[in-house]
Amino acid sequence: MSNSNTSQRRLFKDLQKIQSEELPGINATPVDNDMRVWNALIDGPS
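For the sequence shown, UniProt numbering assigns the number 1 to the initial residue and increments by one for each residue that follows.
FYI, nobody ran anything at the bench for these hints, they're computed from the structure. Incorrect hints may have been included.
Derived SDA-like pairs (lysine to any residue); straight-line CA-CA distance at most 20 angstroms [what the hints assert, rightly or not]:
| no. | residue 1 | residue 2 |
| --- | --- | --- |
| 1 | Lys-17 | Ser-2 |
| 2 | Lys-17 | Val-31 |
| 3 | Lys-13 | Leu-23 |
| 4 | Lys-17 | Asp-32 |
| 5 | Lys-13 | Thr-29 |
| 6 | Lys-13 | Pro-30 |
| 7 | Lys-13 | Val-37 |
| 8 | Lys-13 | Ala-40 |
| 9 | Lys-13 | Asp-32 |
Assemble the whole structure, with the sequences as input and the hints as a guide.
Dropping the structure here:
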């Protein structure tokens, strides 16, 4: 199994976890469906 396939699978599992859990103030998604590049937004204190 190549490292690329392993990392893609791991990142997909991380995405599924982020989408399934309610994490107030945290949002992360891949850019243009590229699992190697993500945008993340973490809100600071209000």
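Going through the hints against the structure:
no., hint, result
1, Lys-17 to Ser-2, "violated (23 angstroms)"
2, Lys-17 to Val-31, "holds (17 angstroms)"
3, Lys-13 to Leu-23, "holds (16 angstroms)"
4, Lys-17 to Asp-32, "holds (19 angstroms)"
5, Lys-13 to Thr-29, "holds (12 angstroms)"
6, Lys-13 to Pro-30, "holds (12 angstroms)"
7, Lys-13 to Val-37, "holds (15 angstroms)"
8, Lys-13 to Ala-40, "holds (16 angstroms)"
9, Lys-13 to Asp-32, "holds (17 angstroms)"
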